[in-house]
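*Asks:* Kindly generate the complete structure, drawing on both the sequences and the hints.
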Amino acid sequence: MTDKAISPFDSQPWKDPSNEPFIRIRGISRHYGAVKAVDSVDLDIYKGELFCLLGGSGSGKTTLLRMLCGFETPTSGVIEIDGQDMSDVPPYKRPVNMMFQSYALFPHMTVAKNIGYGLAREGMPKAQINDRVDELLTMVQLSNLGSRKPNQLSGGQRQRVALARALAKKPKLLLLDEPLGALDKKLREETQFELMKLQDELGVTFVVVTHDQEEAMTLASRVAVMDGGKLVQVATPRDVYEYPNSRFVADFIGGVNLFEGRVTADEENHMKLDSPEAGLEIHVGHGVSCSSGQRMWYGLRPEKIRLAKERPDQPHNVVEGTVEEVAYMGSLSVYRVNLDSGKQIKVTMPNLDRANDNPILWDQRVFVSWGSSAGVVLPL
Amino acid sequence: MSGSTGISRFLPSGKTLVIAIPVIWLLVFFLIPFAVVFKLSLSEAAIARPPYLPIMEWDEEGILTFALNISNYFYLLEDDLYLSAYLQSMRIAFISTALCLLIAYPMSLAIARATPAKRNLLLMLVILPFWTSFLLRVYAWIGILKTNGLLNNSLMWLGLIDQPLAIMQTDIAVYIGVVYTYLPFMILPLYTSLVKQDGALLEAAADLGARPVAAFFSVTFPLSFPGMAAGCLLVFIPVVGEFVIPALLGGPDTLMIGKVLWSEFFSNRDWPVASAVATVMLVVLVVPIMLLRLAQQADEVQA
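Same order as they appear, the protein sequences are chains X and B. Going left to right, the first sequence walks through residues 1 to 380 as our numbering numbers them. Going left to right, the second sequence walks through residues 381 to 683 as our numbering numbers them.
It is possible that part of the hints are untrue.
[Unchecked claim] Taking lysine-lysine and the DSS-like style, the derived pairs with C-alpha atoms no more than 30 Å apart in a straight line are: (1) X:LYS149 <-> B:LYS576; (2) X:LYS169 <-> X:LYS126; (3) B:LYS395 <-> B:LYS576; (4) B:LYS576 <-> X:LYS169; (5) X:LYS15 <-> X:LYS304; (6) X:LYS126 <-> X:LYS93; (7) X:LYS113 <-> B:LYS576; (8) X:LYS172 <-> X:LYS113; (9) B:LYS498 <-> X:LYS36; (10) X:LYS36 <-> X:LYS93; (11) X:LYS47 <-> X:LYS93; (12) X:LYS197 <-> X:LYS186; (13) X:LYS343 <-> X:LYS309; (14) B:LYS576 <-> X:LYS93; (15) X:LYS93 <-> X:LYS149.
Honestly, the hints are just simulated from the structure, not real lab data. Model, not experiment: these values are computed from the prediction.
*Replies:* Written as structure tokens, this is what we have:
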């Protein structure tokens, strides 16, 4: 291990097997009748991580979070937080605080009373509570709003109050349920970076539930992708994006063009996939554990594809097509290209110059190409 | 824009019509009768039919004279029967309201926290008594509470008592009857305010370290104040003027203003004094309600 991590994202505690996880989840299931909301999940989360549970609705991510704070009882399995088995610990005794999706601010209390609620339950003296509340109000930049009621605040302000309230007791673990869901885009981005800064400064372990993959990518030290109550992949945002382990993950995180193919060559340093769907034999510049003749998926991100009017000078992975649609998005343009095989793909290219003398337009014949390490081979 | 041209400008809009219906209803069935009662209270009793003198009269010379008689109100102060009846009504209404609240709160909470299917069943059970006549149900209580009634017979049979309990014709019987009758009026508004509370608030309280009891008193209870206020008003106001229950279950000592009112009208045939009693009762009840309403409005403006 390095001496001291500059930011939690520089250290990778999950890579060191001698590290004790802060949260240890073993064989956790939660069944509602026949429905398996969470299905035998094993997961380790380490101190100082900003961990994202990512999944669509009904993937079980919220149920898993609610089991961490004790609002749901697992059907089976064990959750340990900081070495302590949580099975018989009621929510009000757990070293955990949660920021609710609806914020759940007490409508009859002022902002200051909301923030100080947890401290008052601990029996902290009034003067001390006031000091701590002032400190938190300053931190979330609401110093002059302590005497307001929640319904006198904007959505962004309420969200800050909820965050301050969840941090008031200096929890070892902070759970956030869709923390940015109700905010507009600009405020979301600001808040994302604020959350990261806070997490860095306070050294609290964050577990964030979100359905927004962009949010997860920006925030997280690691992402767990959930589907149907199971963990599909647990990795860093970069790995989840660049090395998805399944078609589901590749599709869920960012856009992807998928081609079905059959393994025709399987060497140590490269492999070949014959894909009638793409209309060529795809060359992959690394070995993949597979057998010859096996059917596999080839996933290719839109930004890893190049379009050109002239045939590029490369031996593999060039195919022809016709541009169906161009959408100018400012920083980049999105192209829909019909390959000659009939398959439609999505390509994004950065707009490098302000004015392009020779742009690619509708109905243009183009050469579509990509590098031999641009795509990812996925099991069917 | 289109609504303000031509003839439609002179017709009331839909909004006005909707508001007009309850306003007309109150005008016809509350305000006008009250004006009649108030007018009566200012006239003089007489042995006549109707038993009072008109307050407005044309005399022989064609002069219109008004004879406003406020002595009925002074009379209410002179005879302490009225004051003690008011006070006792207030006391009975207050204690009954408190008892209703005490019984209704846990019931409402249990109904609000039950599963939706059970909740509907429990609500049905609360409302079910309304399907039989109120009078019948009060008579049923006579059957239960009287000296050789159901309650005493069962207790004697069980050997818990060897003398019948004297409950009938006491204040206790009145309390039983009143609390039984008015309990649904407390439960329903309380239930409504409890059931719409966001469950996440209690989770937030627990998450911040509040044990269930602390969470109840710091979150659920204060948030149910509006429901409690509504329930208390719905019980307190009609109980103050209650006539049937004290007449049937109460004894001669149970002096409530409703009974006094009734005997002034029908036994003494002193309509003006009876009207004065009714007017004072209304004022006594309306003033605190208005104050409460003002306080609520101030609260809303602040919020």
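*Asks:* Give a verdict on every hint.
*Replies:* Results for each hint:
Between LYS149 of chain X and LYS576 of chain B the CA atoms are separated by roughly 19 Å; this keeps the pair inside 30 Å, and the hint holds. Under the criterion of a C-alpha separation no larger than 30 Å, the hint pairing LYS169 of chain X with LYS126 of chain X is consistent with the structure, at around 14 Å. Distance check on the hinted pair: LYS395 of chain B and LYS576 of chain B sit about 28 Å apart at the alpha-carbon level, within 30 Å; holds. As the CA atoms of LYS576 of chain B and LYS169 of chain X are separated by approximately 29 Å, the hinted pair is consistent with the 30 Å bound.
Using a Cα cut-off of 30 Å, the hinted pair LYS15 of chain X and LYS304 of chain X holds, with the two alpha carbons roughly 29 Å apart. Distance restraint check for LYS126 of chain X and LYS93 of chain X: the Cα-Cα separation of roughly 22 Å lies within the 30 Å cut-off, and the hinted pair is therefore satisfied. Distance restraint check for LYS113 of chain X and LYS576 of chain B: the Cα-Cα separation of roughly 22 Å lies within the 30 Å cut-off, and the hinted pair is therefore satisfied. Among the hinted pairs, LYS172 of chain X with LYS113 of chain X is consistent with the structure: their alpha-carbon atoms are about 22 Å apart, no more than 30 Å.
Taking the CA atoms of LYS498 of chain B and LYS36 of chain X, the gap is about 25 Å. The hint holds against a cut of 30 Å. Pair hint LYS36 of chain X plus LYS93 of chain X holds up; C-alpha atoms about 27 Å apart against a cutoff of 30 Å. Simply put, LYS47 of chain X and LYS93 of chain X have alpha-carbon atoms about 20 Å apart, close enough for the 30 Å limit, and the pair holds. Only pairs whose Cα atoms come within 30 Å are accepted, and LYS197 of chain X paired with LYS186 of chain X is accepted, the gap being roughly 17 Å.
Between LYS343 of chain X and LYS309 of chain X the alpha-carbon distance is near 19 Å, which keeps this suggested pair within the 30 Å criterion. Between LYS576 of chain B and LYS93 of chain X, the direct Cα distance comes to roughly 27 Å. Compliance with the 30 Å bound is thereby established for this hinted pair. A threshold of 30 Å between alpha carbons decides the hint, and for LYS93 of chain X with LYS149 of chain X the separation of about 28 Å falls inside it, so the pair holds.
Checked against the numbered hints listed earlier, the structure breaks none of them; every hint is satisfied.
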